[in-house]
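Asker: This is what each chain is made of:
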Amino acid sequence: MYYYLYDSFLSDKKYAQTIAKIENRLIDLGINGKVEKMSVLKSIREVVDDNIRSGADTIIAVGSDKTFSKVFPAVANQNGVTFGYIPVENSTIAKMLGIPVAEKACDVLSARIIERIDIGKVNDQYFFSTLEVPEASNISLECNGGHFNISSISKSDHIQICNLSYAPIDTERRKNVCNPKDGYLEAVFTPKEKGAFGKDKLATKKQSVFPIRKMKIVSDEIVSLVADGETIVKTPATVEVLSKKLSIIVGKERKF
Amino acid sequence: MEKDTETIIGPSVKVEGDFHGEGSIVVEGQVTGTLKTNQDLKIGANAKIKADLEAENIYISGEVVGDLYVKGKTELKSTAKVTGNIKTKIISIEAGASLNGNCVCDQNGTMELKEDTQKPKSRSGKNDKSDIL
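So the sequence lines, in the order shown, correspond to chains A and B. First residue of the first sequence? That's 0 in numbering that gives the first Met the number 0, and the numbers climb one at a time after it. First residue of the second sequence? That's 0 in numbering that gives the first Met the number 0, and the numbers climb one at a time after it.
There may be inaccurate statements among the hints.
Stated by the list, open to error - With a cut-off of at most 25 Å between alpha-carbon atoms, the simulated DSS-like pairs for lysine-lysine come out as follows:
id, chain 1, residue 1, chain 2, residue 2
1, A, K198, A, K65
2, A, K205, B, K70
3, A, K205, B, K41
4, B, K13, A, K233
5, B, K41, A, K191
6, A, K204, B, K41
Hints are computed from structural coordinates only; laboratory data are not their basis.
Could you build the full structure based on these sequences and the hints that come with them?
Answerer: Okay, here's the thing in structure tokens:
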């Protein structure tokens, strides 16, 4: 049984036509199901748990990448439940997953190509794509139980922990960087260099890439890490990959 | 780790401790401790290594202070500077490379090693775990 969770912003009139088209297409394909709208008064986790108990085996987030990031942790916690996504506007995550926008996404859901993919965990929070480490001095990554640690020499590298990255990574040297099915997170250090007009730009050709399963991010001062552009976690933080944790419906045009 | 998984230690990064990987490793930055992989290890011209190295094949263009234990081929490019002992199967040294240390080429795999050219021990004093990253 399909269960559709609409983001609250879809109540806006400008999305009415898009939603109508999506719902019609779902009915045509025979994959319509229960619909619920998210609100600040309802906990997403509780709503998802209740519906799974009622027999839902496919949870679909309808909205934007933020909606995706809010809903997938609740689904990843459950066994035997598949997650799907219908973006109503241009979406980076949808592109990576090979899902087109709005009603066209319904055809991808109907085809049900399911992949089991990795997700990242930072302390007790899940993240799907990237954990951003802000620029700060004396940040280091302790890996393999503290057997070695990695740090930036200049203390000014842009550091990301990626599961599935949209950031530019030097793909000439490393094809298929940040494959969310490889059982690893990639710690990516990108140094900055002076570009035109003295502005800093990222030197992707000088990137460092470390495939790592578990690490601890430590710093002299408390630093806020940003997971999926939304969740904030303070250092020290333990980051690990949860291998093949999420069953997700993807399109043929997926990037991994 | 998948076969094509590669670790890149770029010029802006420093690694300290016992670094053990299973994929190939490219080093262009700084490494202190031990560096071990069961695939290829490439050390770029600007890399600075103070570590014992162990790999299937090693290609060196930069500076290494430490012992090398190589199952296959060791290549020292013209810009390579190695201070340490090497135990390898095949070695290739370009004109201009410098090597200060003993070198044992054991092509048949039967040659007994001298103590000082045996498999390197951890420099950092930590336990030598074969866990991957």
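Asker: Are K13 of chain B and K233 of chain A close enough, with their CA atoms no more than 25 Å apart?
Answerer: It holds: about 23 Å lies between the C-alpha atoms, which stays within 25 Å.
Asker: CA of K205 of chain A to CA of K41 of chain B, is that 25 Å or under?
Answerer: Holds, at roughly 15 Å.
Asker: Has the given pair, K205 of chain A with K70 of chain B, been kept, meaning a C-alpha gap of at most 25 Å?
Answerer: Not satisfied, since the Cα-Cα distance of roughly 29 Å exceeds 25 Å.
Asker: Within a Cα-Cα threshold of 25 Å, do K41 of chain B and K191 of chain A meet the stated pairing?
Answerer: Roughly 24 Å separates the two Cα atoms, so the pair holds.
Asker: Mind checking the alpha carbons of K204 of chain A and K41 of chain B for me, to see if they're no more than 25 Å apart?
Answerer: holds, 16 Å
Asker: Hinted pair, alpha-carbon criterion (25 Å max): K198 of chain A, K65 of chain A. Please report holds or violated.
Answerer: Given pair K198 of chain A, K65 of chain A is violated - Cα atoms ~30 Å apart, limit 25 Å.
When each numbered hint is compared with the structure, violations occur for hints 1, 2.
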